[in-house]
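Enquirer: What follows is the residue order along each chain.
2 protein chains.
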Amino acid sequence: MSISDRVRKSMEVGSWIRRMFEEGVVLKQQYGDENVFDLSLGNPIMEPPAEFHEELRRLAERPEPGLHRYMENAGYVETRVAVAAYLSRESGIALRNDDIIMTCGAAGALNVVLKTILNLEDEVIIFAPYFPEFINYIENHGGIARTLPTDEEFIPRLDALETAIGPRTKAVLINSPNNPSGAVYNKAFLKSLGDLLTEKGRELGNPIFLISDEAYRKLTYDGLECPWVWSCYQQSIVIASYSKDLAVPGERIGYVVAHPGLEKHDELVAGFVHCNRILGFVNASAIMQHLVQHLQGVSISVSEYQRKRDFLYKNLTDMGYKAFKPQGAFYLFPKSPLEDDIAFVNQLRQWHTLTVPGQSFGSPGYIRISYCTDDRTLEGSLTSFEKAARKFNLL
Amino acid sequence: MSISDRVRKSMEVGSWIRRMFEEGVVLKQQYGDENVFDLSLGNPIMEPPAEFHEELRRLAERPEPGLHRYMENAGYVETRVAVAAYLSRESGIALRNDDIIMTCGAAGALNVVLKTILNLEDEVIIFAPYFPEFINYIENHGGIARTLPTDEEFIPRLDALETAIGPRTKAVLINSPNNPSGAVYNKAFLKSLGDLLTEKGRELGNPIFLISDEAYRKLTYDGLECPWVWSCYQQSIVIASYSKDLAVPGERIGYVVAHPGLEKHDELVAGFVHCNRILGFVNASAIMQHLVQHLQGVSISVSEYQRKRDFLYKNLTDMGYKAFKPQGAFYLFPKSPLEDDIAFVNQLRQWHTLTVPGQSFGSPGYIRISYCTDDRTLEGSLTSFEKAARKFNLL
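Top line first, the protein sequences correspond to chains A and B. The first sequence finishes on residue 394 if you use numbering that gives the first Met the number 0, and the numbering steps up by one all the way, no holes. The second sequence finishes on residue 394 if you use numbering that gives the first Met the number 0, and the numbering steps up by one all the way, no holes.
So here's chain A without its partners, still in its complex pose:
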């Protein structure tokens, strides 16, 4: 007795990151917070924008009756109307509130979608490097995660995808801006991906869903815009979150967008709403739904993250590290100077800098550095990176 076999297996697989986290806690106790440089977690250091605080104060000062009650399982209509109007304006695709389901963050949204569509042993294709939770989410609902490679700029390889798609393929799950690589997929790529999925779906007599996790959509750099999948593929489901835009990851608010052109759109949306309920989310927090209704388009300043990216990228590449320059999100994913990325991460840790090995993301030989941290931590970590660069002959 105790925990189930599946959960035990999932805990063992995830244990490396947890061990790192725990050893970080020990390091901080031993050497003091200020002498440990934790670049392992994606927990944004920024505070929510002023508009968020104002709205919260407004709600708190004049509590309306019923503000904290249950609402429709899809979320408040007025919130979904506001989201649909904002997205329609931004994307040029006409969306209605019936295309939007408010969820417990992007993680809740993904679980709701996967629960709704997956029969046992259906396959969902993901691309390495991937957000490791994708595998848990897929397996939660009896699905099988199939991992395919990306090219040297971390763009999914469509030739590999073409070969891999088969009768059990239910969905392809992409994430752009990407955690951990920082890649942003351009419109031409999305169009080719959409065309391939259309062709393959026709061939197999069953449309393939494209699930597009856009939790980092607002975090793109150098004026780059993250293109919309809607004009590229009709059978698409977008996953969104306010965690990064508003710097409120602890509040668990995001949403699903069902493309209006989805086959059996209404049945699918009814399924999402049902699964939102039965998975135990019920809804996203009522107060947060009220807040975001009035915060469409509001976002933290991206320039801060861009400055941090530039600082880290320049310093590391000057030391001889090979890295793709992130176009979005807040991670750098450089090559590990050692083939064994775990050994390299352990070496950095001995010098009090915490990172995550690439093999946690399906890409051994890399490490992930999170730069959504304060400048002191970023600056302090450079000593370890420089020591490592000398030791492993990069400099």
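None of these hints come from the bench; they were simulated from the model. Owing to the predicted nature of the structure, the values given are computational and were not obtained by experimental measurement. You may find that some hints are simply not true.
Sample of chain B residues with no beta-carbon within 10 Å of chain A, all distances over it, derived [what the hints assert, rightly or not]:
hint, residue
1, Ser1
2, Ala59
3, Glu224
4, Cys225
5, Arg276
What follows is a list of derived Cβ distance ranges for each label pair [to be verified]:
hint, chain 1, residue 1, chain 2, residue 2, range
6, A, Arg167, B, Glu120, 21 to 29 Å
7, A, Asp4, B, Glu63, 35 to 43 Å
8, B, Ala84, A, Gln29, 38 to 46 Å
9, B, Glu63, A, Glu303, 13 to 21 Å
10, A, Arg167, B, Leu157, 57 to 65 Å
11, B, Asn392, A, His293, 53 to 61 Å
12, A, Phe20, B, His293, 27 to 35 Å
13, B, Asn314, A, Pro62, 31 to 39 Å
14, A, Arg56, B, Arg167, 14 to 22 Å
15, A, Asp4, B, Arg306, 32 to 40 Å
16, A, Asp4, B, Gly65, 45 to 53 Å
17, B, His52, A, Val80, 26 to 34 Å
The beta carbon of each residue, even a glycine, is placed where N, CA and C say it ideally should be.
Add chain B to chain A, keeping to what the hints say.
Expert: Frame of chain A; chain B shown alone:
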């Protein structure tokens, strides 16, 4: 393609309540809100206590840095310390923060626990009438719900339980105060249940979990106290929620309590924390965790609900309805005057009163009336109940 077979089946089973809800919406549009008496939903009409509003104002006026960030996957330590201290004081059992995991309401808590413990096709025993979502929650994680009967006062039949427990029995799930019956299990019953589970667990060489859903713990009447399971059975897991106590069901905050004496306690808690994360909840909302830290023991006034219960119970029994007098929660579960409870519910609906048939709760021949509604609705519904009493010869 579209939704999965399992979700389709679950939607069909649940469709009766949804249809009722939707027909209620149509009725309200046709006849006006004030002429439709909706007793179908358990969405409390009460407002949160003043202390809740004060705490929210305090947080909104002086936003502390990091207030909305990710926290540990078990929830904030300071919140869990406060919960453990409160429960220890109330129950006399020494609990530590390591026994508490903050969750997305009781629904989130139940899904986390079931995901953690269930291997495929493990059985969870529930008792009719039951909260219908229990079946969805169990099946979400590959478990099998096995339903056993209760006696005429809605207390689980231990003789039936003794026969039903077998090698695949992983857990027994109880709910007291009970939705929909209003029964509160007394200490003697819990002790006998605990003894039976101890004996059976020993016999089978594997402890059986007792999962105690106590979402309505604070809502008991006539001075009755809801006893604690901890002194009755060590292998117990308590599910709690602030939804009813603080009248904030839309905010999704509750917790799991792992009995300190649980076999493999720490592994189990690590499993809960892991599943809290991978199911997509991640945590309960950060702001709500901060709030409840300072609201331990605060609760809405039960006397309001007791008054509504007394009003409804007296009026309906005076009309000749047979009903168990609820000891807690906010539902009345009278016998349907027609054997076919759906036909009776349909009859009431024609007179603009909305209730739910007992067969949705596994108990045909009953109906559920929710009285967590305003007095006008309760009073207005009496005409329909009286018409029905005359038509079906109760009066």
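Enquirer: Against this structure, judge whether each hint is valid.
Expert: So, going through the hints one by one against the coordinates:
no., hint, verdict
1, Ser1, "violated, 4 Å"
2, Ala59, "violated, 4 Å"
3, Glu224, "holds, 27 Å"
4, Cys225, "holds, 23 Å"
5, Arg276, "violated, 8 Å"
6, A/Arg167 x B/Glu120: 21 to 29 Å, "holds, 23 Å"
7, A/Asp4 x B/Glu63: 35 to 43 Å, "holds, 42 Å"
8, B/Ala84 x A/Gln29: 38 to 46 Å, "violated, 29 Å"
9, B/Glu63 x A/Glu303: 13 to 21 Å, "holds, 20 Å"
10, A/Arg167 x B/Leu157: 57 to 65 Å, "violated, 46 Å"
11, B/Asn392 x A/His293: 53 to 61 Å, "holds, 56 Å"
12, A/Phe20 x B/His293: 27 to 35 Å, "holds, 28 Å"
13, B/Asn314 x A/Pro62: 31 to 39 Å, "holds, 33 Å"
14, A/Arg56 x B/Arg167: 14 to 22 Å, "violated, 53 Å"
15, A/Asp4 x B/Arg306: 32 to 40 Å, "violated, 51 Å"
16, A/Asp4 x B/Gly65: 45 to 53 Å, "violated, 37 Å"
17, B/His52 x A/Val80: 26 to 34 Å, "holds, 27 Å"
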